[in-house]
Amino acid sequence: MKNKSFILIMILPTLILISFIILYPTISGVLLSFKNYSLFNFGNIKWIGFENYNEIFSDIFYIDVIWNTIKWIFFSVFFQLILGFILALLMKEPFKGRGIYAGLVFYPWAVSGFAIGLIWSWLLNGQFGVINDILMKFGIIKKSINFLSDPSIALYSVILVNIWYGIPFFAIMILAALQSIPNSLYEAAEIDGAGYFTKLIKITIPYIKPTLINTVLLRIIWVMNFPDIIYGMTRGGPAGSTEILSVKMINTVFYESNYSLAAAHGVIIVLILLIYTIMYLKLTSKKEFNI
Amino acid sequence: MKIIKFILLALFLIFALFPLYWIILTSFKPVNELYTFPIQYWTKSPSLYGYRKLFEFVNFKRYFLNSVIVSVLASFISTFFAMLTGYILSRKEFKGKYALILFLFFSQMIPSYLIMVPQYIMFSELKLIDKLISIIIVYSGIGAAFSTIMARGFFDRIPKSIEEAALIDGCNEFQTLFKITIPLMLPGLSAVMSFSFVNNWNELFTAVIFLNTSNKFTVPVGLYSIISKAGIQWNVLAAGIVIALLPTILVFAIAQKYIIAGLTQGSLKD
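The listed protein sequences correspond, in order, to chains B and A. Position 228 of the first sequence, counted from 1, bears residue number 306 in our numbering, the numbering being contiguous throughout. Position 169 of the second sequence, counted from 1, bears residue number 336 in our numbering, the numbering being contiguous throughout.
Calculated from the structure, these hints are not laboratory results. Wrong hints could be hidden among the right ones.
[What the hints assert, rightly or not] Dumping the calculated DSSO-like pairs for lysine-lysine here, alpha-carbon to alpha-carbon at most 27 Å:
id, chain 1, residue 1, chain 2, residue 2
1, A, Lys-211, A, Lys-298
2, B, Lys-287, A, Lys-211
3, A, Lys-228, A, Lys-383
4, A, Lys-396, A, Lys-383
5, A, Lys-228, A, Lys-396
6, A, Lys-169, B, Lys-170
7, A, Lys-298, A, Lys-228
8, B, Lys-82, A, Lys-169
9, B, Lys-82, A, Lys-264
10, B, Lys-124, A, Lys-294
11, A, Lys-172, B, Lys-174
12, A, Lys-298, A, Lys-424
13, B, Lys-277, A, Lys-264
14, A, Lys-396, A, Lys-220
15, A, Lys-169, B, Lys-174
16, A, Lys-294, A, Lys-220
17, B, Lys-280, A, Lys-346
18, A, Lys-327, A, Lys-346
19, A, Lys-172, B, Lys-277
20, A, Lys-346, A, Lys-424
21, B, Lys-277, B, Lys-174
22, B, Lys-174, A, Lys-424
23, B, Lys-215, A, Lys-298
24, B, Lys-82, A, Lys-262
25, B, Lys-280, A, Lys-264
26, B, Lys-280, B, Lys-170
27, A, Lys-298, B, Lys-82
28, A, Lys-262, A, Lys-327
If we strip away everything but chain A, and leave its shape as in the complex, we get (with noise of 0.2 Å):
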């Protein structure tokens, strides 16, 4: 039974690994390897080409910064949004709450590919279009909304009783809320904050139509457009995929445990 359970587990674990090892290995193939016969299945002659290639022949760096400067105003924002609002939904009774968490779950639920040709449109009236504050706006509120149901169900495991005891002791909601609970919410707050990183990192197809010059590109735009493009190598291709998955699965990395908790106990509760 051991030996299986193990068997098992390291196919599951090839299985996951395997892309992410061939991937890597083609980014520093040299040119000559790529489309060669037997396929090599490692590198004798590594090579920094296609990395080179990735940020003389495009403007990756550019990209790199961009989808930086988004992914984290967009995650901080709707953070901190969801974490005023999934404070109110886990310590507070009011009129509304129920058609409140009914909101927030059904807008989750319409994918924002449906709406991103009428935000196109908006955001072309306001005159924001080809600008990095539109999606800035866009990832910001699609974020808000499951962020404040993962908020919320970190707030739930923080103790009422701590911040009964700062009302007592005469500090005010807000100072409660900012002095007392925030400290306490850190790792669930980072862990909102985390995945909505993730997911504002690799949204493709809002940046795509919103941003159409090339120093506007996210990284997710930028290797679009280089498939458009003819005669790109696999490799030049390899590597500017390596450069996209390094910060998400980093923060996934550090992160995992909180989002995974966040996942299964803020969203879905049984």
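Next comes chain B alone, as it looks inside the complex (with noise of 0.2 Å):
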């Protein structure tokens, strides 16, 4: 067998279900976001230009949920990172029971957003929720805090949520660039006297560089794309407090049964995307990113 028909056997199928799947449904959603497809006009489908797009920039609230986007991102990716960088230096050094543990602290990942999003709707309700009753047993607070119903604090439970879903992701990537580190880098700074910060600035972090900015760029892409907590938590509500870009999305889907509408906020979304990806990549000054 030729080997060109050969490569083109084993290729075609994915290339052919991605191609049916992916690429034809964003290329008819940038179609659709053109044209007044909605539960209440089947009969009349036309195209209306930029008319979603217009009543998208013109809603007076698109500003606060754009905010709403950049704090769920840069606060969940912030302290994922933190965090999960420092699990993976806990758990850099073998001991005994590690691969329990890895199984048990790595967990969160394995379950779905949308169920964690409802066991923390519960952990912190406001009237029956554990966490409450935990921070007053510690003094910590003295009456109950409605962590999802008040307005002005539900935006950063559902970030602390995420924070808690993405320490794993991090910590399991940083984890395994840190054991690839050579242990003679490690030697040679001891013996010129180095201590652990000092090791730490200057070696570790260094070496898993390329992890890092990798990683924190995935993250980025994802946890916007991320409405699955939201949605099991408080579906963008009180009064739109936890509503980002991808939960606005989702609404105008489910409750707006508009799909035109939701298919240009889609494409904005995709849009901001490649503009950030592309200003990442930049900035980082990698040509390309290593696939």
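Put the two chains together into one complex, using the hints given.
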């Protein structure tokens, strides 16, 4: 058999499947965003130009949604990274039962974000929630906090849960990178009398920098596109205080059944991500993303 | 130093496990302990009320079965396709290879909820809405992109020389792949498949809009419909969440070593 046809047979199924399930819907999603396709309008679907986009940008609450999205991404990824890094450092040296420990501490990563959201909405319940009870028992607060029903703190509550959810992913990635650092580097530094933090800053961080850069790049995209936890906890409420771009889009589908408007939201999100990815890769001076 | 390290490790563990403990505890609490003060950190009279109600009140057995069918089939299909393509990407040089890799990368960057509406329209034209086959196909396609990248990373770690020996012995390329390379790849492939199983099991939004009748629901859609119902008790919902968690935690526990290897070495190479 010729080499060429062998290659073709092997890659064609995947190519067809992905074109059918991802590529074609992406293109038709862009076209959809210029139409008036909604549940109440099936008889009269036509091209309406930028009307959906106009509607989005003239919505005075849209700026709040963007601002929520920025806070959601920044605080989530920042603390996921810091705490994941610390966890990875703690797990770097082998200890008895490390395998089991890893399984237990990493499990949140295998659970659905929606289920995580449901669990935490029970933990953070203002009346019967155990978190309030614990905080009061330790004397940290005097009366219970309405974590999810108070618009001024609801966003920080869902961010807290997202941080909890994302720590394992960072820890897994960083731990793998840490274990690839040759021990000889540390030994040489020890001979020079370097302490723990000198080694951390001079050897560990520079060595795993590419992993950190790649992981943060991927995580920001992922966190931006992650409505699951919020959906399990608040669905964007109260009063839109936890509505981020992806939640706004889902709500447009589920509650307004305005599919073209939702598609326009989607196109805006993808454009933001595209610009972000290009800028990120420029700033971190990586010519191409290593896959 | 050692003590501090131990304390920190313990704190991370408590932080990770406490929500799990709490939801399991809630699922076994009798109704009269759910909304009482002081809050009970243990239950004196564990009850299966939550689980019983779950299977009487909603059709949870059906949801579970549907989820198993969908997740197993979809992850099998995407892993099989990913195996073929991942092998080529690991072993062969050809025109358009870089473009194909970029295509795979960007298609996994397109979030699934952005394309679910066009997919919905497409599948309703094919008259496949409210059928499990529709989300099996969608999950297979979404999974194939990432699985291919992950599979390629695993193939890269199997030395080429083993295949060359088989080719010299007169095997053709298909025989070499299926008789020599794939048996060596089984741990890697099981990681790829487990990973996509977990993703498929947890998927909510596409399933919510694709599946309308109760006997077609998957577990996440079932949970979603439960919380939409007024007056649901927390021990019933907790029981549903616990059952929803079991398969993924089980798969993760068995395959975590390989999944982590695949994640870190397959998708992100420095």
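For the pair supplied as a hint, Lys-169/A and Lys-174/B, is the alpha-carbon distance within the 27 Å limit? Judged against 27 Å, a Cα distance of about 13 Å means the pair holds.
Would you check the hint for Lys-294/A and Lys-220/A, treating anything up to 27 Å between C-alpha atoms as holding? Violated, because 35 Å separates the two Cα atoms, which is more than 27 Å.
Verify the proposed pairing of Lys-277/B with Lys-174/B, using a straight-line Cα cut of 27 Å. holds (25 Å)
Are the Cα positions of Lys-228/A and Lys-383/A separated by 27 Å at most? Measuring from Cα to Cα gives roughly 11 Å; hence the hint holds.
Would you check the hint for Lys-280/B and Lys-346/A, treating anything up to 27 Å between C-alpha atoms as holding? Violated, at roughly 48 Å.
Given the hint that Lys-82/B pairs with Lys-264/A, test it: the Cα-Cα distance must not exceed 27 Å. Judged against 27 Å, a Cα distance of about 12 Å means the pair holds.
Are the Cα atoms of Lys-396/A and Lys-383/A separated by 27 Å or less? holds (18 Å)
Would you mind confirming whether the straight-line C-alpha gap from Lys-327/A to Lys-346/A stays at or under 27 Å? Holds, because 14 Å separates the two Cα atoms, which is no more than 27 Å.
27 Å Cα cutoff - pair Lys-169/A, Lys-170/B: holds (13 Å)
Between Lys-280/B and Lys-264/A, is the straight-line Cα distance small enough, at 27 Å or below? violated (38 Å)
Given the hint that Lys-211/A pairs with Lys-298/A, does the C-alpha gap stay at or below 27 Å? violated (44 Å)
Is Lys-124/B close enough to Lys-294/A, meaning Cα to Cα at most 27 Å? holds (23 Å)
In terms of the numbered hints stated before, the structure departs from hints 1, 2, 8, 12, 13, 16, 17, 23, 25 and 27, listed from lowest to highest.
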